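Undergrad: Throw the hints in and build the complete structure from the sequences for me.
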Amino acid sequence: DPALIYDLGGKFDKSFNEAAFGGAERWAAETGGTYRDIEMQSEAQREQALRRLAESGSNPIVMTGFAFSSVLEQVAPDYPDTTFAIIDGYVDAPNVRNINFSEHEGSYLVGMLAAMASETGTVSFVGGMDIPLIRRFACGYAQGAVAANADVNVIVNYTGTTPAAWNDPVRGGEITSAQISQGSDVVYAAAGGTGVGVLQTAADSGILSIGVDSNQNYMHPGQVLTSMLKRVDNAVFDVFSAGTDVETGSFVMDLASGGVGWALDENNESLITEDMRAAMAAAEASIASGETVVHDYTSDNSCPVSVD
Amino acid sequence: MELRGISKAFGPVQANKDINIRVRKGTIHGIIGENGAGKSTLMSILYGFYRSDSGEVLIDGKPTQITDSLAAIRAGIGMVFQHFKLVENFTVLENVILGAEGGALLQPSKARARKLLTQLADDYELSVDPDAVVEDLNVGHQQRVEILKALYRQANILILDEPTGVLTPAEADHLFRILRGLKEQGKTIILITHKLREIMEVTDEVSVMRRGEMVATVNTADTNPSELAELMVGRKVLLDVQKTPAQPGEVVVSVRNLQVIDRHGVERLRGIDLDVRAGEILGIAGVAGNGQSQLLEVLAGMMPGTGTMTMNGADMDLSLRRDNARTRREDSIAHVHEDRHRCGLILDFMAWENVAFGYHDRPEYQKNALLMDNAAILEDAKGKIERFDVRPPNPMLTAESFSGGNQQKIVLAREIERNPDLLLVGQPTRGVDIGAIEFIHKRLIELRDQGKAILLVSVELDEILSLSDRIIVMFDGKIMGERDPEQTNAQELGLLMAGVVGDSVTGDAA
Amino acid sequence: MSSRNMPKWADVLLVPLFSLVIAFAISALVILAIGEDPIRAMELMVTGSLGSTYGWGYTLYYTTNFLLTGLAVSIAFQAKLFNIGGEGQALIGGLGVALVCLYVPWPNWWTAMIGAILASAVFGALWAAIPAYLQARRGSHIVITTIMFNFIAASVLNYMLSHVLRPPASMDPATARFASELRLPRLADVLEPFGIAFSRSGPANVMLFVALAFCVLAYVMMSRTKLGFEIRAFGQSEPAAHYAGISAFRIIMIAMLISGALSGVMAVNSVMGGPQRLVMNAVEGAGFIGIAVALMGRSHPIGIIAPALLFGFLFQGGSELAIETTIPREMIVIIQALVIMFTGALDNLVRQPLEAMFALGRRKS
Amino acid sequence: MDLATIVQILESTLRLATPLLFTCLAGLFSERAGIFDIGLEGKLLVAAFFSAAFAFYTGSAWLGLLAGIAASVVFALIHGFASITFRGNQLISGVAINFLAAGMTVVVAQSLFHQGGRTPPLSGNARFERIDLPFADALRDVPVIGPLYSNVLSGNSVLVYLGLLAVPLTWWVLYRTRFGLRLRAVGENPAAVDTAGVSVVRMRYYAVIIAGVLCGIGGAYLSTSLAAGFVKDMSAGRGYIALAALIFAKWRPWQALVAVLLFGMLEAIANRWPNLDLGLITLPNQFMAALPYILTVVILAGFVGKAIPPRAGGEPYVKER
Ligand SMILES: Nc1ncnc2c1ncn2[C@@H]1O[C@H](COP(=O)(O)OP(=O)(O)OP(=O)(O)O)[C@@H](O)[C@H]1O
Ligand SMILES: Nc1ncnc2c1ncn2[C@@H]1O[C@H](COP(=O)(O)OP(=O)(O)OP(=O)(O)O)[C@@H](O)[C@H]1O
Ligand SMILES: [Mg+2]
Ligand SMILES: [Mg+2]
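Protein chains in written order, with our numbering: chain D, 627 to 934; chain C, 477 to 986; chain V, 127 to 491; chain R, 404 to 724.
Just so you know, these hints were derived from the structure itself, not from any lab. Values in this document were obtained by computation on a predicted structure and should not be read as measured data. There could be a bad hint or two in this list.
If we take Cβ atoms under 10 Å as the criterion, some of the chain V residues that face chain D in the derived model are [claimed, not checked]:
#, residue
1, Ser178
2, Tyr184
3, Leu287
4, Arg326
5, Ser327
6, Val405
7, Ala408
8, Glu410
9, Gly411
10, Ser445
Glycine included, C-beta positions come from ideal geometry on N, C-alpha and C.
TA: Structure representation (structure tokens):
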């Protein structure tokens, strides 16, 4: 059977891990198959969780989160017959499938929407843990906002420097309040479970928010501008469907391949004007064709627009 | 008021056995008995602080259930405990109203209480500043607060548990005046003490307790001190200890201008000078709390002081920057602490471990540089237990499973068998039965006869008189005078203990 | 804690045992309440932790942690000091391990292990030293200060891992991996020469033997040396220790330094023995479990071995439970809480009826 | 720093100080009565969970509040049972309470909601509404006072005001009522209270129950006001910070308010500027997070005035040895 290990935010973070869970569930529903999954409680348990699944014969094993990289590097060689898939990480081993997303591209799109929807000309970003991966979101978002409105002011904050940053809604809410007092009227949360607090505070204070990873538009209908979709669900679904034959190597899921995108549904229809839709369509086409290149923060650890 | 068939056990200790006692209304009734006879326990039961295992209480002829202190208060009983029950950082007023506020809000209660207190103060010579914080008051005044508490609750029966133990004679006299005044107002007073003089002075009737039992109740007018003493200890008191005259030798320890201020900033010793010679017992008499305990602790290196102290000619460091109790032991000073439960023993340690306690770093107890030689200690302990007739003679029992007298023997065995040049002894026979007392006294004399110096502190005048070769009386941290036991008596010492030299009272005792 | 009314063996064995039974019974009720089968849960825990050498590999790994933290709490308890700061001391000990493993070119694993033990002991001891000093000199309540130091330690580690020790390319708040020569031999390696096959996956390693050796050493120290005598005396009665000339300052400092050092050494197991790098929260609450272990083991250096194994079993069994059932891993936190409550705070609930029973028995005979 | 920033920091301070305030006052009642309470964290956590869970089921934040209080009081009674009735070690009992709460909340949440130890997000009446104080709108434009009144003071959850009222109320109860006199006395010298005819056990139970109620409100605030639902470990050490504030305040109510506002402000500042640039040095987030604990240790060390706890604190009251 295939198996899935979630990162510390937990299976029900409404975002990244929940997307993975959604993919696994979809696979189970469609194929009638069964799978195992594990939520860890602490950093120190990563290795045990991974080994436990490998020991008990699960194959392939998908894990969500860059933080597994270092552990998988150790574990993968011990189980040569098991295929591992890591989302957001990179491990150079023959039995590992590395899946990465072009979050900067998706973030670019929602950044444009944010700038277009903003009345104050100030938009903001709440990141989870302050790491290059999340800066990639921030950087894409800022580029998109600037592209839509050259005078836009982008405020960027991170929740913390440890995994606890993924699961601190109270702090997320407070940071959002601070951003609102600085004039922001659209906030983008790329912070796992912390984002729940960001979206909540935004809704409470009557400003717009942007969800991440999963489609979070439903959480506050009419108050979430859109969600940056990161199709972790598809990634998991693909691996589970391929089963033990899953291809190893590195795979990038970008806008062109449908790996990232933005959400439009009945909850946010009214917020997205015709102009916005048109702008989105143009931008998507331009990025997919390679005409517009969104700078990837992690390629050189820098951003053309400030994201500190 | 009457108590019938009261019994109370604390675990294995039977503190009260089938006690019957009647106290007539409007009298002062004394209860005497040795330490540990069960006096406090009995009164605590009457006050509902402890619950008796069996027996009943009758007040004005009516059986009364005294389940807790509230019930006792309601029955009109007030009690002044041996150890005051005051909230030290509250004011007098707050202490007085605590539990009897008379309303949910404090301000009106306080106003009411303030008025009543002034009145009580006038009626009974009980003046205390209602706004003073209790911990700033001296013991005499604290005791007045306790009495006021009881009167404020309109107590008709007032119990005082050893009220004079901590008082100067002048304060005690003042207290007795108060008590007589209360009696005239029709209150009933129960006075617990083991001082015969006080019984004779103020009581109308007296009951005697011995080892948890009530042995007699007599009219004070019909009895005399020696009869009471006999009743108390259960046989003719042989207070004379067989001993030969002392042959004092060299000065072993010499103390000059010793002063001590304790942790709370209270002056405990105000310039003590004394010498103890080899082969003599120097007894220190005094009311508890006049600095005797501190004197022993300073000499034993448990408490810092100023002044000079030489031991066998060598200077000791009184500041305790270099010295401590351990180095004093190395300088051949042994110490039998007055509180064997708190200090002298580790109750949870076995007897054999207690025998090494304090000397556990001695070379004879070490196997090598790292390990102790437990077998050697055990062997040593067996010998000491045998020689000091500790019962049961089992070194593997924990110290707390021995009776008080046997615990004291363990301590003495440990300290005396070290053959110290100077032995400091505090209250050697407190809470110890008669047989053990004789044994302990004999051992102390023996040590003296071996040419060792002994400094003895005791609140028991008889003990001081019969053991000492010289007697020093302490009062308020000072030495009031020195007497030869052959040429003095309890009366004279009593006056000195009260701070009376010749005919004048020193200090601001009153 | 001792009692006149009961034989010592009953006090040492029966009281913790009954407490444990109550704690387990309540836990079973909780499992039942959330709709799971406690018997099956127990079976799963037993097979998962003791049913294979893979399980044993983890059980004994956790046991090693708890032996060391349990010992740490015990030594402090013996001096009547409640060191609740084992968690922080172990975190800082982990920092010591990481520093010597990363920056000292050790020739082989065992020199590295000795170096790491020394470093972690020093780091842990230093972290305990400030609360100890404040208690000894200024009377600051050691329970409160050690709690505060746990949080401060977490912040220090958090800062070190996110800003100082994290390799430039890495996104994890964790140090780089140590050189592979420094990997401690696991039980599989140790048992191989004896022809015993043991799973290579479980991280139990030579530190288990080091921890057991520390237990024996601590036992000898407490029962056979002057220092142990003085620590016990001080713990039983501070005034008596003063009377005997035992310096309170010295005993508080030494007991806490030993305690902190032992907590620190625990990190050698969980850092060098486990992930081979320092990660966030490498201690995983072992500092607190040490309290439960010490309470059950009556603070006896040998007495804590069985409870440490019990908690190792619970810890490993608990993670199996989380995988195999819908019972979350936090179930073992509940069990841990109940054990601490019943053996530590509600001791009298078990003791009083037992004492009454013994008193009754004595009266009859 | 402009006024808007200051106003935002103060707003945030008040919000973040509120759970600390309730918890700190809880500790004050308990410890003033001689019962040490390091189980504040656990009570806060368990209250946060149960109020969120009940608010979710009933759709009413007020019912959630009651459930949170009930849960917290149950935990307080366990503490009382161990430390008053069975005269156990209060510190150990507190530690156990904290673990029990940490485990219990997740296990129950998982079994009820299957969301990894969370409750579903709360909305509408399941959360406490914000209340606008009178004249908030009218005064908004008055310089300085306006924003302070209209933004900082006004527009908070009803529980924030309850917390602010609890301070004078606590002071009044403690120093102006019979109950307060007895409560303080029982923490200083229980034997005095006992011999005065007042039950020590009863007084101490009252105290721990009040502590339970206050922690319950604090926990409810956390999950149904400050946040919109429960997440695992959401108390995040606030119980310990409250304990620190209690020591900081030397067990006095007004000072407790000052202490929690100070600690709340530290948290607000750390949220606003993760790395606080002071010109000469940059203080990392972690330093700000550790500051309450560091300050408390400094206070405990007695370098800044001595913190003397209630004298009978931590000791079970034993009449017969
Ligand atoms: N709370 C207690 N727990 C256990 N034993 C006690 C307790 N109180 C008193 N005892 C024991 O009961 C016996 C009687 O003690 P009690 O205090 O009544 O004597 P007393 O006559 O008042 O003596 P003293 O003159 O020393 O005050 C003693 O053996 C004492 O050790
Ligand atoms: N007969 C009496 N003599 C002296 N004091 C009394 C008497 N009856 C009641 N009191 C005192 O009056 C006060 C009020 O009694 P009440 O029964 O209301 O106290 P309580 O219920 O213990 O107090 P609280 O409700 O404040 O905790 C108590 O302090 C009690 O001690
Ligand atoms: Mg007495
Ligand atoms: Mg009432």
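Undergrad: So, for every hint listed, does it hold in this structure?
TA: So, going through the hints one by one against the coordinates:
1. Ser178: The hint holds - Ser178(V) has a Cβ within 10 Å of chain D, the shortest such distance being about 9 Å.
2. Tyr184: holds, 6 Å
3. Leu287: holds, 8 Å
4. Arg326: At about 7 Å, which falls below the 10 Å cut-off, the nearest Cβ of chain D leaves the hint on Arg326(V) intact, so it holds.
5. Ser327: holds, 5 Å
6. Val405: holds, 4 Å
7. Ala408: holds, 5 Å
8. Glu410: holds, 5 Å
9. Gly411: Holds. Min distance 8 Å.
10. Ser445: Holds - the Cβ of Ser445(V) comes within 10 Å of chain D, reaching about 7 Å at its closest.
Checked against the numbered hints above, the structure violates none of them.
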